[in-house]
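Sequences listed follow chains A and B, in order.
Every letter in the first sequence is one number past the one before it in our numbering, and letter 85, counting from 1, is 345.
Every letter in the second sequence is one number past the one before it in our numbering, and letter 111, counting from 1, is 119.
One thing to keep in mind: the hints can contain errors.
Unchecked claim - Some chain B residues near chain A, calculated using beta-carbon distances under 10 angstroms:
# : residue
1 : 43
2 : 50
3 : 67
4 : 101
5 : 113
The hints are simulated quantities; they were obtained by calculation from the structure and are not laboratory data.
Glycine included, C-beta positions come from ideal geometry on N, C-alpha and C.
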Amino acid sequence: EDKVVQSPLSLVVHEGDTVTLNCSYEVTNFRSLLWYKQEKKAPTFLFMLTSSGIEKKSGRLSSILDKKELFSILNITATQTGDSAVYLCAVPNFGNEKLTFGTGTRLTIIP
Amino acid sequence: DAGVIQSPRHEVTEMGQEVTLRCKPISGHDYLFWYRQTMMRGLELLIYFNNNVPIDDSGMPEDRFSAKMPNASFSTLKIQPSEPRDSAVYFCASSPGGYYQETQYFGPGTRLLVL
Numbered sequence: 261e262d263k264v265v266q267s268p269l270s271l272v273v274h275e276g277d278t279v280t281l282n283c284s285y286e287v288t289n290f291r292s293l294l295w296y297k298q299e300k301k302a303p304t305f306l307f308m309l310t311s312s313g314i315e316k317k318s319g320r321l322s323s324i325l326d327k328k329e330l331f332s333i334l335n336i337t338a339t340q341t342g343d344s345a346v347y348l349c350a351v352p353n354f355g356n357e358k359l360t361f362g363t364g365t366r367l368t369i370i371p
Numbered sequence: 009d010a011g012v013i014q015s016p017r018h019e020v021t022e023m024g025q026e027v028t029l030r031c032k033p034i035s036g037h038d039y040l041f042w043y044r045q046t047m048m049r050g051l052e053l054l055i056y057f058n059n060n061v062p063i064d065d066s067g068m069p070e071d072r073f074s075a076k077m078p079n080a081s082f083s084t085l086k087i088q089p090s091e092p093r094d095s096a097v098y099f100c101a102s103s104p105g106g107y108y109q110e111t112q113y114f115g116p117g118t119r120l121l122v123l
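Next up, chain A with everything else stripped away, as it sits in the complex (with noise of 0.2 angstroms):
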C-alpha cells in the first residue's frame, strides 16, 4: 500500500523565518508527487515534481525530489502571515488515479 509521511507535523515559526517541510513516500511506480496548500478551505495546488533535483519555484515557494531517497522539500523564505496553512503532500497510485494524502503539516506563522 502506497505511504506517505510529512514532517513535522506543526510547526509555529516568526514572520520573516525560513521554514522547510517535508514528504516521503513509498510508493508503487512512483510518477509525480504533489504539493497542495490548504488554508480554511479546499486544498489548492502548489507543485507537481516528477525528476530529481529540478527544483520548482514559486515566488517564495519552492520544492525539489529526491527520487533516490524517496522523499521531497517545501521550503518556504520570508515566511508571512499569509502562509499559515496546512501543507498536504500526495503522490498517485499506480494503474489507477487516486492519490495518497500525507495527514499534512501546519504551519503557524506569529507576526
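Assemble the complex: chain A is given as a structure, and chain B must be docked to it using the hints.
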C-alpha cells in the same frame, strides 16, 4: 474559468435525513473525485469518475453513500440515511487528462453537520 463549484457550502441536518451534495467540475476535465476530510482521518478519497464512469468506489464507507455523474458537468454524492459520524467537509475535485492528469483542482467543499 470558475473552478470547481460545489453546493451547498454548508448543510446542517438531522440524523436519518437524506443529504445530497452537488459538484460541477472544471469544464473539459475528464476526472472527478469526491473526498471527505475530518480531523481524525484527514483527506479520504471516496470515489472517482473518468468520463462520467465510476472507476473506483472502494473508499465509499458503506451502502448509505452513493455517487452519480449523469453528465460531464454534474455529479452528486448522496447519503441516505445520514448519521452524526458523517459530519465532515466533503470536497469535490477535478483533473484534466494528459500529462497533468494527476493535478487535482478542489472545490470549496461542503461542510456537513449531522445532528
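Against the structure, the hints come out as follows:
For residue 43 (chain B), the interface hint holds, since its Cβ comes within 10 angstroms of a Cβ in chain A; the closest pair sits about 9 angstroms apart. A hinted interface residue such as residue 50 (chain B) counts as satisfied when its beta carbon comes closer than 10 angstroms to some beta carbon of chain A; here the least separation is about 5 angstroms, so the hint holds. Residue-level restraint check for residue 67 (chain B) holds (minimum Cβ-Cβ distance to chain A is 8 angstroms; threshold 10 angstroms). Nearest Cβ of chain A to the Cβ of residue 101 (chain B): about 8 angstroms, under the 10 angstroms cut. The hint holds.
With a least beta-carbon distance of about 6 angstroms to chain A, the hint placing residue 113 (chain B) at the interface is held under the 10 angstroms criterion.
Every hint from the earlier list agrees with this structure, and none is contradicted.
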